[in-house]
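Asker: As you go down the protein sequences, you meet chains A and B in turn.
So for the first sequence, the working numbering puts the first residue at 21; every next one is plus one.
So for the second sequence, the working numbering puts the first residue at 21; every next one is plus one.
Simulated from the structure, these hints should not be mistaken for laboratory data.
You may find that some hints are simply not true.
Note: identical chains are not told apart, hence a pair may lie in one copy or across any two.
[To be verified] The calculated EDC-like cross-link candidates involving lysine to aspartate or glutamate, where the alpha carbons are at most 20 Å apart (straight line), are:
(1) Lys278 x Asp71
(2) Lys278 x Asp231
(3) Lys245 x Glu352
(4) Lys278 x Asp369
(5) Lys245 x Asp304
(6) Lys278 x Glu393
(7) Lys245 x Asp164
(8) Lys43 x Glu72
(9) Lys278 x Asp174
(10) Lys43 x Asp164
(11) Lys245 x Asp359
(12) Lys278 x Asp291
(13) Lys278 x Asp179
(14) Lys43 x Asp71
There are 2 protein chains.
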Amino acid sequence: MSVVRVTVIGLGLIGGSVAAATKRAMPGFPVRGVDSDGASVHYAREHGFIDEGATPERAEADGWFAGSPDDLVVLATPVHAAEAWLERLGAVGFSGIVTDVGSTKRAVVAAAALHGGGYRFVGGHPMAGSERSGVQAATPGLFDGAYYILTPTDATDMDAYRDVHAFVTSLGARVISVDAAAHDDAVAVVSHVPHVAAAALVDLASARARDAGADLLRLAAGGFKDMTRIASGSPELWTGICLDNAPALAAGLEGLEKVLAEFRTAVAARDEQAVHAWLAAAADVRRALPAQWVPASTRLRELLVPVNDRPGVVGVVTTAASRAGCNIEDIEIDHQSEDRAVLRLVLTDEGDAAALMRDLQGRGFSPEIRQLESGES
Amino acid sequence: MSVVRVTVIGLGLIGGSVAAATKRAMPGFPVRGVDSDGASVHYAREHGFIDEGATPERAEADGWFAGSPDDLVVLATPVHAAEAWLERLGAVGFSGIVTDVGSTKRAVVAAAALHGGGYRFVGGHPMAGSERSGVQAATPGLFDGAYYILTPTDATDMDAYRDVHAFVTSLGARVISVDAAAHDDAVAVVSHVPHVAAAALVDLASARARDAGADLLRLAAGGFKDMTRIASGSPELWTGICLDNAPALAAGLEGLEKVLAEFRTAVAARDEQAVHAWLAAAADVRRALPAQWVPASTRLRELLVPVNDRPGVVGVVTTAASRAGCNIEDIEIDHQSEDRAVLRLVLTDEGDAAALMRDLQGRGFSPEIRQLESGES
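Modelling step: build the complete structure from the supplied sequences, incorporating the hints.
Answerer: Quick look at the structure:
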């Protein structure tokens with residue numbers, strides 16, 4: 021990683037945790053924090069998450085964004101604010117690398133394409149969180165074992181991707197590389213629809229309790245509490261997420277309503293076979309979900325891909341790897357000439373490497389793969 | 021408690037845990053276990069949950085149900101099997117106390133009324149569980165701090181209620197007294213609908229993953245996993261629950277679909293104010309849910325209620341206490357004459373005692389209440 025300094029903008033749960041995890045991984049590494057709330061800046065400095073903190077105005081006046089191409093800015097604000105920052109960083113001529121942590125990616129990726137002549141952008145989304153919010157909830161372990169999505173595009177600079185990948189990996193996370201639009205559709209279903217469903221269950225139960233004039237919610241056992249815990253998340257944050265991803269979320273909710281209505285029909289008809297088959301299928305899928313990422317083994321593979329040294333290539337190769345279920349442990353880029361390079365990916369012993377090879381060959385690449393010996397990487 | 025022996029029928033997660041919790045509370049107290057699966061009986065005996073175990077046929081042949089009126093039978097089977105047992109216990113002339121642990125109560129209460137000439141029945145439902153099942157998942161701590169619902173009726177014997185209340189309290193649980201039909205409507209909303217919603221979220225995500233040809237579920241963060249954990253519960257068990265409570269469940273699912281559709285409309289219209297207001301209301305309700313029961317203080321109150329010594333009275337008084345949010349720590353019955361008794365309830369320092377007093381007075385009782393001094397109870 022060629023990054024020499026990190027500036028986290030937005031010291032909330034995620035931004036504070038990014039700063040704290042950076043300090044945990046690399047104690048001497050310079051980390052700056054920017055937040056319009058002085059108390060959050062103070063808290064982050066007191067807890068050693070950052071070395072220096074400032075308001076946005078102060079940071080800009082002090083030339084924090086006039087630095088070297090090896091500065092990394094992490095935008096850890098709501099999506100709308102991140103879009104505004106992408107414009108602002110373009111306007112002040114920031115020349116480093118920018119990444120963000122937004123829960124939806126289409127809009128941010130588009131804003132970066134519009135304003136990012138000077139800086140290089142790689143969109144990101146850590147699949148980690150908490151029902152708590154604010155810097156007081158930040159913890160250096162938030163990303164340990166969590167997936168962290170990066171959304172490279174046709175314009176993504178190879179070295180910037182490598183640096184953000186290395187940075188995110190140092191936080192304890194596992195990178196998945198996905199197209200921004202596919203990301204937004206996917207998180208609607210695995211994150212945003214579930215959040216709304218949790219809130220809907222709470223809403224339904226409290227409405228029924230009001231109707232019955234009884235304290236129905238006292239009857240809620242652990243299952244209800246586990247299911248609805250995420251509904252206590254910040255309404256401000258989630259309003260933004262719901263509206264940013266409105267089309268995908270609305271489609272997902274409609275899908276959920278259909279699934280529920282079908283099952284309701286089977287229940288009302290007392291169709292035991294249909295009820296059982298549906299519950300059994302869901303139980304099978306749920307049981308197959310891993311509790312947390314653990315490496316299948318300590319064996320690693322090395323994938324070498326000769327490429328044209330141009331933007332976009334790293335996105336094609338890394339999203340192909342993620343699609344095949346292969347986890348990228350490390351990326352190196354050997355720039356061989358003006359327009360030729362070799363991408364070296366170190367992969368864990370997961371996923372379908374043969375499918376990845378076929379996929380890359382079908383796209384005109386000539387990849388090579390080999391097993392690494394123990395200790396070699 | 022005048023009970024001298026407990027026989028648990030059905031050694032699964034709940035039955036095994038009832039037996040184990042009984043042994044934890046009263047190590048020398050005789051506990052028998054009945055299950056048609058020899059391996060479950062063996063496991064329960066090996067782990068000290070029960071002193072003796074038998075198949076249903078063996079237990080009946082050995083006269084286990086010909087015992088004294090101070091025998092307590094706990095039916096810890098699925099609801100349909102419990103109904104069959106209530107008939108069988110009536111046929112063999114069992115004269116003790118029977119309770120059950122079924123997730124729905126209307127059908128079981130009706131079966132007991134039909135067959136319970138010889139025994140005295142109090143319906144029960146522990147609001148505790150696990151996504152695991154079987155006696156191997158049983159643990160003596162399963163009921164610690166959990167609510168445990170009892171459903172007395174007009175026919176419920178006062179002393180039998182007191183004994184079941186004392187028994188359940190000894191398992192570590194907190195009793196709530198509720199009418200059987202109100203119980204079934206309530207658990208549809210706080211337990212059965214949430215289970216179905218969890219399964220529906222898994223179903224939706226796996227269907228979308230198939231459509232996209234991608235491993236979408238890898239993107240599932242902790243929130244999705246927390247929400248859908250209960251969907252991995254036993255499909256056999258949950259098929260029974262869904263069908264037993266079909267009308268209330270179908271009504272609850274329809275309610276959930278409506279809530280989701282309304283929110284979807286607000287999202288599609290990008291109605292920021294409506295989206296925020298709805299999310300904020302759900303977050304407020306969810307945050308107000310206690311993580312687990314904890315006494316508000318160690319202060320206790322004594323409620324004395326002179327009553328006619330007839331069945332049904334204990335149900336009226338205890339459901340009134342639960343409705344007012346008052347937790348009953350202990351019940352004693354002072355039989356003063358053939359037809360007069362005084363119910364003595366020890367209440368924790370929770371709920372609206374004044375509302376309880378008004379409620380009981382409105383029903384023709386003349387209750388007295390006083391604060392107990394520390395150490396007195």
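Asker: Next, verify each hint and record whether it holds.
Answerer: How the hints compare with the structure:
Proximity of Lys278 to Asp71 under the C-alpha cut-off of 20 Å is found in neither arrangement, the shortest distances being 51 Å within a copy and 50 Å between copies. In this assembly of identical chains, the alpha carbons of Lys278 and Asp231 lie at most 20 Å apart only when taken from different copies (16 Å versus 26 Å within one copy). Taking the shortest Cα distances, Lys245 and Glu352 never come within 20 Å of each other, neither inside one copy (45 Å) nor across copies (33 Å). With identical chains, the CA atoms of Lys278 and Asp369 are never at most 20 Å apart, being 39 Å at best within one copy and 46 Å at best between copies.
In this assembly of identical chains, the alpha carbons of Lys245 and Asp304 lie at most 20 Å apart only when taken from different copies (14 Å versus 22 Å within one copy). Taking the shortest Cα distances, Lys278 and Glu393 never come within 20 Å of each other, neither inside one copy (51 Å) nor across copies (58 Å). Taking CA atoms no more than 20 Å apart as the test, Lys245 paired with Asp164 passes between copies only; the shortest distance there is 16 Å, against 24 Å inside one copy. In this homomeric assembly, Lys43 and Glu72 come within 20 Å of each other (Cα to Cα) only inside a single copy, at 13 Å, whereas the closest approach across copies is 59 Å.
Taking CA atoms no more than 20 Å apart as the test, Lys278 paired with Asp174 passes in neither setting, with 36 Å inside one copy and 42 Å between copies. For the homomeric pair Lys43 and Asp164, the shortest alpha-carbon distance inside one copy (14 Å) is at most 20 Å, but the shortest distance between copies (41 Å) is not. Taking the shortest alpha-carbon separations for Lys245 and Asp359, neither the intra-copy value of 56 Å nor the inter-copy value of 45 Å comes in at or below 20 Å. Taking the shortest alpha-carbon separations for Lys278 and Asp291, only the intra-copy value of 18 Å comes in at or below 20 Å, while the best inter-copy value is 23 Å.
With identical chains, the CA atoms of Lys278 and Asp179 are never at most 20 Å apart, being 45 Å at best within one copy and 49 Å at best between copies. Proximity of Lys43 to Asp71 under the C-alpha cut-off of 20 Å is restricted to the intra-copy arrangement: shortest distance 9 Å within a copy versus 57 Å between copies.
Checked against the numbered hints given earlier, this structure breaks hints 1, 3, 4, 6, 9, 11, 13; the rest are met.
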